[in-house]
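Taken in sequence, the protein lines are chains R and E. Using this note's numbering, read the first sequence as starting at 3 and increasing by one per residue. Using this note's numbering, read the second sequence as starting at -15 and increasing by one per residue.
Everything labelled a hint here was simulated from the structure, so no lab data went into it. Treat the hints with care, since some could be wrong.
[What the hints assert, rightly or not] Only pairs whose alpha carbons sit at most 25 Å apart, straight line, appear in this in silico PhoX-like list of lysine-lysine:
(1) Lys45/R <-> Lys219/E
(2) Lys644/E <-> Lys45/R
(3) Lys266/E <-> Lys45/R
(4) Lys73/R <-> Lys35/R
(5) Lys219/E <-> Lys266/E
(6) Lys227/E <-> Lys558/E
(7) Lys175/E <-> Lys185/E
[Stated by the list, open to error] On the chain E side, residues computed to face chain R include the following (Cβ under 10 Å):
(8) Met53
(9) Glu148
(10) Arg417
(11) Asp441
(12) Phe626
All residues carry an ideal CB built from backbone N, CA and C; glycine is no exception.
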Amino acid sequence: MSTYKTFSINGEMRDVQAPDDMPLLWVLRDLLKLRGTKFGCGKALCGACTVHLDGEPVRACVLPVREALGKSVRTIEGLEKEGLHPLQEAWLEHQVSQCGYCQSGQLMAAAALLQREPDPTPSEIDAAMSGILCRCGTYPRIRAAIKSAAARLRTARRESA
Amino acid sequence: MNSPSQLSRRSLLAGGTCGAAALILGFRFARATDGTARRAAIATTFSPHAFLRISADGKVTTIVGPAEMGQGVFTALAMIVADELGANWSDMAAEASPAAPAYGNPLFGGLQATNASTSIPVFYESMRHAAAAARMMLIAVAADRWGVSENLCATAESSVVGPEGRRTKFSELVSEAAGRTPPAREFLKLKDPKDFTIIGKSMPRLEGRQKVTGQPIFGLDVDLPGMLTASVARKPLPNARLKVFDRSAALAVPDVVAVMEIPSGVAVLGRHYWAARSGRDKLGIEWELGEPAELLSSVEIEGRYRELARLPGSVSAMRGEAAGELAQAGSVIEREYVLPYVAHAPMEPLNCTIALSADGCDIWLGTQYQSLDKKVAAQALGLPADKVNVHTLYLGGSFGRRGSPDGDVVKETAEILAAVRHLQVPIRNVWTREDDIRGGLYRPMALNRLRVTLCEDGYPKAWAHTIVARSPCIHSEFSFLVANGVDETNVAGAKDMPYAVPHFSLDLHAPEYGASVQWLRAVGNSNTCFAVESLIDELAHSTRRDPVAYRRHLLGDNQKNTRLRHVLDLAVAKAGWGRALPQGRALGVALQDYWGTKAAQVAEVEIIGDSVRVLRITCAIDCGRVINPDGVKAQVESAIVFGLSAALYGEIELEKGIAKQSNFDDYPLLRMAASPEIDVVMVASAEPPSGIGEAAVPHVAPAVFNAIFAATGRRIRRLPLVRSGLQA
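Sequences are here, hints too, so could you generate the full structure?
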């Protein structure tokens, strides 16, 4: 049965009526009309639906909405409050996107990586990002963009310290 | 704005002057426009041609017929327009055209279909013509105002510039220019390519920002008031019959609205995707499987192909007396190379949304084939085709799939809509990943039998190649590519093999059984390149020649091979062919001319035990004049990752006619950790531009497998790698 649920989504409290087992992905896309998070496989295999749940990357397509209750969800729409996140800037600088469909998931996974590890090694980047498929093959540019965004973020942190 | 969804069909068609379009290119608009609308539009926009619109705010919009599926066609065509027009890049935008004859592909009899990497070769000249006409008209207006000769004026930075520092922005000339007649084609003055300022420079993708900020720009993101989502339990085989399903169980799922039989299966409609999908899961559907001919396994099909390959097929090419030479030869080298079915698996699952309007319908989807979509929807809904509006959104990948020969997704969605017309709501039909992987229309399985006899010097004397593969084109609107039983897309790359062989024959069997097939990025060239480049490599090794030297010898000094030889030289130089490598590492090479684009690749692999790692792929490519160098580089990178997925993992197996694979767990794609370093070397060329979306796919498998042979002495003649006992 549908029940009334309250979430923090991109820092805002939102109410939805949804069945308990409805995956967060469809709550976001079809009920809250946040369509930046993408459907790719429905089985946590491709990572196109990656969002942050309390800061951790999760696959929204298999996360029942009840498990997000009382937690904070961040999607591509809320990656940066205003303007572009340094990763999004690096993505444009390296012209990463091709068809663009998987890029929300790639960016959310990359943002979670840089939260955890401000200076990831190439193998840490590969390990963190290999869960997100890109059929267009933007992997070489994703690697490069993460490296330059990480450098930019570290500089910004040093300057603000 | 660049979103195709924001296209105003009215402003485009109303703003166009029919005579202008006809004068410039002999194209015509789909429908006449009434004078009132035209006058109203002319006041604000200048649209001298179907491809171009300049609005009063100075925005220059390129109206693009081909689909933007990641290949960068919006940006590349806008670059051509900007350069020829003399516009600032920052003033440029692009949007998807409607489905209309003006945007048809002249190479394909006017079908509006994005395929065979033809967008740039086909539209390079016509975009320049459109922009040149607009430039000349803007100049004429400014010259009249200034009372100077047009010959003293030019355009730059979105302005007309004239003598003594005169300068007027396009935006201030637009309304007056719109009232003028465009110059006839024979009077068009095209820029000298040496004066290009934008073509040949790397430009960022116009829709780049939308793609990094999660904007709802894809078909699946369409959201219309009252829209219902459909999930279809589809027939497992075309002739399967529905035995039983539980309608009430599906209807009991909250937010499920309707359940109905349609020709392709049983559709469940819900207020959102999850309801439709959950309802579908409750159907408890049972099928009576199709006719025995449909129930073949891929192993059985391969066995039949093997037998067929021993018989003569439909002749594609014959030079000299290959059969006779082989019959007399003391020793014949016979080899077989096999490619399995593979699925396109674009990241965005297939989908389509249709809404009825007062007298027709509107379709929103990512599509490579607007002209067919229009036709198919019109037929299913009983509408005249000119009442069907196609809104092409960005494609979340496609690789051929969104241009299926039968318009399957549109047809199915229209059939659902026809069944629930009384509800008067738009229908969004969403396939699951399993629907996609199991849905057929694969790259054809192909079996190649090659027989060769060598001259005393170790080079081929006679070469007989038989291909067995289903024809993608024969039952489609592209059947003009099939002649005398030979589908050109099955034989390309083998028929035009660049190596000199005195006695050559190529024939094709195109059986009609097995999985349904269609074009997939690089189409038959992936098969022929694997067969030809593997065998050439085998011949080089068997005669103890260096594989590059062997190829160079066979390319000879034939002038038609000049550009191919050049890319081979560039690739091997960049990759360091011949350098000493650590134990377990080796290089492999492959080359091919893909419908005019010449490429050579060198793969570097490392093999430790049974584990293969592709470390680096170097590609040298000559696609004629390069419009957007970074765009070309991106397409080569993309093609290599795509080709490597197929080479290492790609296989759809059939069991009783049904695909065993269903999602990315059993149908893996290349992931970042297995993705090689990629080096791209581009040839600077003034030749006419040729396509780039597919041209670097075919080489990957043979280059990698040739490298594996060089490292291990093990020759793999069947894709994918993981079926050979090796890991990747």
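Subject >> Structure-inconsistent hints, enumerated in ascending order >> reply: Violated: hints 6, 9, 11.
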